[in-house]
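Please arrange chains B and C on chain A, whose structure you already have, making use of the hints.
Protein chains in written order, with the working numbering: chain A, 1 to 205; chain B, 1 to 393; chain C, 1 to 401.
It is worth saying that the hints were derived from the structure and are not from the lab.
A few of these clues could be false.
As the list claims (entries may be wrong) - In the PhoX-like style, the derived pairs of lysine-lysine whose C-alpha atoms are separated by at most 20 Å in a straight line are: (1) C:K304 - B:K77; (2) B:K66 - C:K361; (3) C:K145 - A:K100; (4) C:K362 - C:K282; (5) C:K225 - C:K121; (6) B:K77 - C:K322; (7) A:K164 - C:K395; (8) B:K77 - C:K357; (9) C:K357 - B:K66; (10) B:K371 - B:K333; (11) C:K247 - C:K304; (12) C:K133 - A:K100; (13) C:K133 - C:K85; (14) C:K247 - C:K121; (15) C:K337 - B:K77; (16) B:K346 - B:K359; (17) B:K77 - C:K324; (18) C:K324 - B:K96; (19) A:K110 - A:K164.
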Amino acid sequence: MLPIVRVLYSGLASATRSSRGALHTASVVRCKAEAEATDEKSSEATEGEGDGDQVSSGPDPKDRTKNIPVETSMRYLKSAAYKQTYGEDFVWTQYRRNHKGMFAPRKTRKTCIRQGRIATGNPCPICRDEYLVLDYRNTELLEQFISPHSGDVLSYSQTGLCQKTHFRLMVAVQQARDSGFLTYDVPFREYDYNEYYGQNEKQKA
Amino acid sequence: MHLLRQLRQVNGLRSLRQATRQVATGPTKPATLQYERDPQPLFTDAETQRLLQSMTQLNLDRVFRKRTVPDNSVETKFMTDEQLDSEFQQMVERAKQRLQMPPIVTIKKDEERIIAKDPALKDFASTKYVFTDITFGLRQSERKVVVRETDGTLAYATLETTKRMNQLYFPLEGRQSYNPRMFLLEELFAKCLAEHKYEFVLDRLLVQYEPHEPEFHNISARVFEHLNESKQFDLLRSTRHFGPMAFFYAWHRCIDDLLYDMIRRDYLSNAVELIALSYKIHKVPVEYLPTLAQLDALQITPAQRALAELRSVFRNREENQGIEQEIHTAIGKTEQDFAADEVSLKFIEQYIASEHALKKVQLELAVQTLKEVNREKLLLFQGLKKAHGVQAS
Amino acid sequence: MARLLFQTLSLSILKNDKIWLVHPTHMLPYTSLRNTSFFNRLPAEDIWRGVTAVSNAGKKRGRGKGSGKKVAKDLNRGQTIGFGKKSCLWPGLNSPVFRGNELIHQQKTVEGTDREYGINKLRDSMGNFRLMKLNPIDRGWSGSKMPGRSIGPPDTVSEEEFTSFDTRVLENKIVFIMKGNMGRKRRYSVLSVTGNGNGLAGFATVKAPEVRTALRMSKNRAAQKLINISLCENRTIYHDFFTAFGKTKIYCFQKPDGYGLICHRAIKTICKVIGIKDLHAKIEGSTNLQHIVKAFFIGLMRQKSFQNIATETDLNIVQQQKSKIGYTEVKGIPLSKPAPFSNIQVIDYMHYTLGNKIVLKKKEVSPFYIYTKGHELKQIKNERFRNQINVRLNKLVKLYV
Chain A
1 MLPIVRVLYS
11 GLASATRSSR
21 GALHTASVVR
31 CKAEAEATDE
41 KSSEATEGEG
51 DGDQVSSGPD
61 PKDRTKNIPV
71 ETSMRYLKSA
81 AYKQTYGEDF
91 VWTQYRRNHK
101 GMFAPRKTRK
111 TCIRQGRIAT
121 GNPCPICRDE
131 YLVLDYRNTE
141 LLEQFISPHS
151 GDVLSYSQTG
161 LCQKTHFRLM
171 VAVQQARDSG
181 FLTYDVPFRE
191 YDYNEYYGQN
201 EKQKA
Chain B
1 MHLLRQLRQV
11 NGLRSLRQAT
21 RQVATGPTKP
31 ATLQYERDPQ
41 PLFTDAETQR
51 LLQSMTQLNL
61 DRVFRKRTVP
71 DNSVETKFMT
81 DEQLDSEFQQ
91 MVERAKQRLQ
101 MPPIVTIKKD
111 EERIIAKDPA
121 LKDFASTKYV
131 FTDITFGLRQ
141 SERKVVVRET
151 DGTLAYATLE
161 TTKRMNQLYF
171 PLEGRQSYNP
181 RMFLLEELFA
191 KCLAEHKYEF
201 VLDRLLVQYE
211 PHEPEFHNIS
221 ARVFEHLNES
231 KQFDLLRSTR
241 HFGPMAFFYA
251 WHRCIDDLLY
261 DMIRRDYLSN
271 AVELIALSYK
281 IHKVPVEYLP
291 TLAQLDALQI
301 TPAQRALAEL
311 RSVFRNREEN
321 QGIEQEIHTA
331 IGKTEQDFAA
341 DEVSLKFIEQ
351 YIASEHALKK
361 VQLELAVQTL
371 KEVNREKLLL
381 FQGLKKAHGV
391 QAS
Chain C
1 MARLLFQTLS
11 LSILKNDKIW
21 LVHPTHMLPY
31 TSLRNTSFFN
41 RLPAEDIWRG
51 VTAVSNAGKK
61 RGRGKGSGKK
71 VAKDLNRGQT
81 IGFGKKSCLW
91 PGLNSPVFRG
101 NELIHQQKTV
111 EGTDREYGIN
121 KLRDSMGNFR
131 LMKLNPIDRG
141 WSGSKMPGRS
151 IGPPDTVSEE
161 EFTSFDTRVL
171 ENKIVFIMKG
181 NMGRKRRYSV
191 LSVTGNGNGL
201 AGFATVKAPE
211 VRTALRMSKN
221 RAAQKLINIS
231 LCENRTIYHD
241 FFTAFGKTKI
251 YCFQKPDGYG
261 LICHRAIKTI
271 CKVIGIKDLH
281 AKIEGSTNLQ
291 HIVKAFFIGL
301 MRQKSFQNIA
311 TETDLNIVQQ
321 QKSKIGYTEV
331 KGIPLSKPAP
341 FSNIQVIDYM
351 HYTLGNKIVL
361 KKKEVSPFYI
371 YTKGHELKQI
381 KNERFRNQIN
391 VRLNKLVKLY
401 V
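Only chain A is shown next, with the shape it has when bound in the complex (with noise of 0.2 Å):
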């Protein structure tokens, strides 16, 4: 393997690491369960990780300056790491939102990330790893929060993404379907065939 590549991946894994501070328990049990599988991606992955403990003391994990790609991104959502932290699930499945009382306020948070951190303790699925880039590209991770039965962009009370990110995500899906990486279905539309045919040709049409 080159060696850029190694250098990215255990950078993956390190980010993994540090926001899996923010994920749930579960998640990491699993990681580590999985970690002792031993076939061969996963291994290089926790051969990252091994690397990743000197590093996570440098940078701070709740720091989101930095501008990932969106190829990196999408080679991340295919990589053994990310299947490690997420498994089969969608993103969000996992995600439970905190909130006093019997009932969730209507609306999420209006932003988890404030002056280029992390501003709260349970960011939503998409803020708190930041190897999940939402672009027009990255069809992978959109239709995760596509109903595949209506169609539309699932609502911010189901998948629990903040209010900006949310709308960051309709930006992307419209993008995406626009610019033809995500199909959909378009309405039928009927033609009246004297319209361009005229009257007389009714008869043959």
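Frame of chain A, contents of chains B and C only:
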């Protein structure tokens, strides 16, 4: 500092906007094949329509495939046999309606039609004025849109302006006021084609553009050309785009790949129809009408077949015609089908032998394989009939 | 000041003298000594109770519960005979008597401080018992209470494992009965439901003096009372139905794919365990948990297949899906051909399946404020911004490279 950042952002946006503008002006690669004369009379011809419809076929599962809808609820009902039968008929009608082919017309050219020139009105305003007739119930083409230019000329609006005003006052669902990026950027369009999203592209094309627009012709031609190379014709079968596609190939004398696909999938009557269509378009002096008549006598139309398939639920109750039916379903063919196959094979071979076929070797091979398979099926069919003691009718 | 110092000094001398008398290691004991105290007279259990217990009155007030509760430590844990503060080699106790032909003598070995440190650490960890942090997904209905939580698959029976099963607690409460000699006898009652998520499920109520035993027993008993429930398309019920037990009345509705479980939390939990994914249920009347469970299971068991309904009514059953543009799917066909003339009165399917019951649909009451002046003003103010979010969205959509 903040000001500086804002300035930078503004600059970034401006460059972005410039980029988009560049994109908007750069059209996709033009298609190599275009309709050089008006295809309309040939397309609207009743016989052509019948041939195209027959080629499209009617697979109810595909026409009524699952789609995304805001409310995906299910309604359960009690029905008597009569109600159920009429429901089936309505369903086939609805399917036919869904398969309505988009019209094929020539590209409309913009022409300047000036109503009046009033130099006195020159510079009365710094902008143009667009007047739109928003009477309810008018067709898009009948709606009058006129423009008063700044120099005082009153003229009919260009096609583009007309379309825009129509979309503004009577929006068509799914149409954007701007050109979708998918159709503008060559790499995005190529990506869609490479991923075989043909139906999606064509569906979107119908909604976005009018059939007489050059973009419509260009994009649909590009899709059909790509399809002819990738040979994924089955993706469009039982959709409204199959007819125009076959018509396009027949018009541009490149039916061989589609023909090969049809033979390989054992749609022989469709193959005959395709050949007949190309003969008809290019006025080749070959008598195809008798063969078509023969086939018509032996086979039913796709709509009738779909209806019969639906009605087979009633038949299960009356189990009197068991064995014969079972043999038919096991083999997948009836005696009439075998007869029809023979007729159509003769016609296809005649075509392959003629100078019109371009990929002779490939087609011949396909025909040979099919013949062998058919012979085996026929033997099995007869054997089964004999074994069950069913009278050969 | 000096006097005070002298006094303490003399006192310490005196004390030393006494000790000298009490612990003569090389002298025979002449004085009669009673080496007893509560410390070596009582068993460890009683001594610990003295430290950790709460008085009866306190217990009644609910003291000694929760996170600050003191817990008895087992001081014997981590200790082994033969290893103590002084690390010594004791032949025959912690070492063999002979090594080869050589006799081993009692001798000191190298000091090891980590042994004591380890024991102390172990004791420290024993005292403050903390609840393990629960994954939000596995939380029950409310707080740290049991109802709604999973207690794992039923125990294995002669190497037969039930790994595909999952058990969930529905009710966990204290019940009392009066006994002739004991008075109020307290027991824990647990209602739990177990199922494999594929149409096999059972439920049971069990009472036991301990919570843990009650949970285990109810789990295993539920597994002994499995009921087979056929699922429609592997995700929902076959048809809408009405079911009742006691004063509990439940209306259940079949729902399309992706609808989810919109019902009482107990029904939701049962559905998850059975494998039902889409359902709407409305309870009328009593919401007694035991009755809900029973009524729901009865309803599930009483479902009829499409074919059965068709034969009963002599009518075809069709389903029209909106997601398939009204594609009509025939679900059931009567065995005999119905009468040729259509003199049969076609009944409404929902009425038939609900047993001619009609769900009480309350009129939606609009909130009190909508008739107020302030609300009207607010609406007028907000009107101009009503499409702002969409405009912003569309603007941003077009701005991309």
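Against the structure, the hints come out as follows:
Distance hint between K304 of chain C and K77 of chain B is fulfilled; the C-alpha atoms sit about 15 Å from each other, no more than 20 Å. Of the pairs offered as hints, the one joining K66 of chain B and K361 of chain C is violated, with about 32 Å between alpha carbons and a cut-off of 20 Å exceeded. Our distance criterion of 20 Å between C-alpha atoms is met by K145 of chain C and K100 of chain A, whose separation comes to about 17 Å. At roughly 12 Å between alpha-carbon atoms, K362 of chain C and K282 of chain C fall within 20 Å of each other, so this suggested pair holds.
Between K225 of chain C and K121 of chain C, the direct Cα distance comes to roughly 47 Å. Violation of the 20 Å bound is thereby established for this hinted pair. Our distance criterion of 20 Å between C-alpha atoms is met by K77 of chain B and K322 of chain C, whose separation comes to about 14 Å. In summary, the hint linking K164 of chain A to K395 of chain C is supported, as the alpha carbons are separated by about 16 Å, within the 20 Å threshold. Of the supplied pair hints, the one linking K77 of chain B and K357 of chain C holds, its CA atoms being roughly 17 Å apart against a limit of 20 Å.
Restraint check for K357 of chain C and K66 of chain B: the C-alpha separation of about 33 Å exceeds 20 Å, so the hint is violated. Between K371 of chain B and K333 of chain B the alpha-carbon distance is near 14 Å, which keeps this suggested pair within the 20 Å criterion. Distance check on the hinted pair: K247 of chain C and K304 of chain C sit about 24 Å apart at the alpha-carbon level, beyond 20 Å; violated. With a C-alpha separation of about 18 Å, the suggested pair K133 of chain C and K100 of chain A falls inside the 20 Å cut-off, and the hint holds.
For the given pair, K133 of chain C sits about 37 Å from K85 of chain C by alpha-carbon distance, which is inconsistent with the 20 Å threshold. Distance restraint check for K247 of chain C and K121 of chain C: the Cα-Cα separation of roughly 57 Å exceeds the 20 Å cut-off, and the hinted pair is therefore not satisfied. Pair hint K337 of chain C plus K77 of chain B holds up; C-alpha atoms about 18 Å apart against a cutoff of 20 Å. Restraint check for K346 of chain B and K359 of chain B: satisfied, since their Cα atoms lie roughly 18 Å apart, inside the 20 Å limit.
A C-alpha spacing of about 16 Å is found between K77 of chain B and K324 of chain C, which places the hinted pair at or below 20 Å, so the restraint holds. Of the pairs offered as hints, the one joining K324 of chain C and K96 of chain B holds, with about 15 Å between alpha carbons and a cut-off of 20 Å not exceeded. Of the supplied pair hints, the one linking K110 of chain A and K164 of chain A holds, its CA atoms being roughly 6 Å apart against a limit of 20 Å.
The structure fails hints 2, 5, 9, 11, 13, 14 (numbered hints given earlier, in ascending order).
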